[in-house]
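J.: Take the given structure of chain A and dock chains B and C to it, following the hints.
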Amino acid sequence: MVAPVGTATDGQERGLGMTSLADDARADQSLTNVAIAGVLRVAPTSNPLRYVRFCLWMGPTLLILLILFFALLGHNIPPYSAALSADDIARHFREHTTSARIGMTGMMVSGVLYLVWGMGITKVMEAAERDNDLLSRLQLWGAGFTTLVLVFPPAFWLTAAFRPEADPAILMMLYDTGWIMFDMAFSLTMLQVTAFALCFLNDWRAEPLIPRPVCWFAIWVAVAFMGFCFLPFFRDGPFSRSGFFNYWVEFSLFFWAMLILSIFTLRALTRLQRDTPAPAPHG
Amino acid sequence: MVEAAPDRSRPVPGILTFIAADIANFILFFGYFMVERMAQPALFARSAALLDIRLGLLNTLLLITSGWQVTLAVEGARTGHMPKVRRHLLCAIAVGLCFGVVKGIEYATKIAQGLTPRTDAFFTFYYVFTGIHLLHYAIGIALLVATFVRARADRADPGFIDWTISCALFWHMVDLLWIFLFAMLYLQGAR
Amino acid sequence: MTCPNGPTAIWVLLLLATLAGFGGAGAAGWGFAAVMLAATVKAHLVVRYYMELRAAPMAWRLLFDGLVGLSGALITALHFLD
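Protein chains in written order, with our numbering: chain A, 1 to 283; chain B, 284 to 474; chain C, 475 to 556.
Next up, chain A with everything else stripped away, as it sits in the complex (with noise of 0.2 Å):
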């Protein structure tokens, strides 16, 4: 908004009647400002779309964030097995008290950037809303609880961390805890991805604005979510929580996911935005 403030100074300078060549020139131009001001300080353009980019890009921004803070700070590539004693899960926590602090945090920090996120989602949903807002609202909903998955967990690990000098069996417990509300709320993701898939799926647009294999996609992590219901009942083997089907396949899923929607929800705003006839100013 630099066109106010311009006009401000000129409108100033031509008040103390300072008039030359050069001056008129200028006064031209604070005149042409000054029209645009009134126009813009009247009747400010709608931009619907206004902030959604800004939104769509803390889904990478907070990818990066959590495996900074949660993956690599809270040593958790995978995480430790379940099989382990409380002396081992202590000593994670007395050998990298520091880093755990740090990177719990961090993450409870950045944990809400999932619903700014999911904001934007909804926005670009709203376009290809026909009926009513239902499912835009239900992805916003999945989303928020989401944020609270990422924001809650790491508290358990943080009190371990805050007091490693504890008794191991409570580090442990602190620890199981952290991860079963982590893995095992993925019913609240599952409503985010599934609302999204569907509502994208009835796109009426001839190309709609999210390629149908990519609602597909979000289906099939929705359903492969499923799998986290083994984890209880194994502490160790492929199905328990550091296992390769429970952590490198249906765990790593969730963080693909937000890749990839964020790549091509990025994309339908961009096209959104080239579609948008250039805002109207209102009445």
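Certain hints may be false.
[What the hints assert, rightly or not] With the C-beta cut set under 8 Å, the calculated list includes, among others, these residues of chain C facing chain B:
(1) Pro481
(2) Thr482
(3) Leu490
(4) Met510
(5) Ala547
(6) Leu555
[Claimed, not checked] Covered stretches of chain B (chain A as the covering partner; in silico rule of three or more C-beta atoms under 8 Å from a C-beta of chain A):
(7) 384 to 392
(8) 406 to 420
[Unchecked claim] FRET-style restraints, in silico, Cβ to Cβ:
(9) Asp403/B - Asp275/A: 53 to 61 Å
(10) Ala86/A - Leu373/B: 24 to 32 Å
(11) Glu126/A - Leu380/B: 37 to 45 Å
Keep in mind the hints are simulated off the structure, nothing from the lab.
The C-beta atom is built at its ideal place from N, Cα and C for all residues, glycine as well.
T.: Frame of chain A; chains B and C shown alone:
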């Protein structure tokens, strides 16, 4: 009538993306199972012999038959012959439900014999793989029932045909995955 | 309503392949390879005729034939490695 000549210009249903991803997921299951099996083939074969292959065979036949009925229902949907759609869907659902009953009997018998997911590595895989498959099966049955409810109308709208084709594809995937699970879990012996 | 070359014929073929595969129950080595071959042929028939992939573009047919072939080949190959 549509069966006569393959029409390559017809757009591919989007659900095939899902199905391909899901089959790829199961290929990971197959690979993991077989690699674990390499460590203790005798134990895997001994445990596999404890499964009732007659029930496995029965379930294979049930799914194949149900899938056949679904193809006939799709044929009916394409030609707009709604009574045919309803008739074959009902058959497909009825035969399909038998699969769940047989599976339930099988699980109950195994658990009564003390064979649980914790028994050994083979039974862990057996319960998890067949459990995940059963979840797909339950979704498939729900989709078939939903299609049947939609088919009560007298006329098929274009949306109905696409919906029916997609649900049928999902149901065939359940069939396809079971074919491999049956061979791998029930029929495999050790040298 | 059903012509002899339609889904019903495929269903009969699938039943026969199932029973043929069942004959090799509990087999190992080449016996199990035959079982897996029967299973792969069945899966191929399901993909081609039940799922109507024979009418799909080349890329989709290759993908699904590849997935079915990979499933059968993977299980069979790893069986021989034990």
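J.: Could you work out which earlier hints the structure fails to respect and list their numbers in ascending sequence?
T.: Failing hints, ascending: 3, 5, 7, 10.
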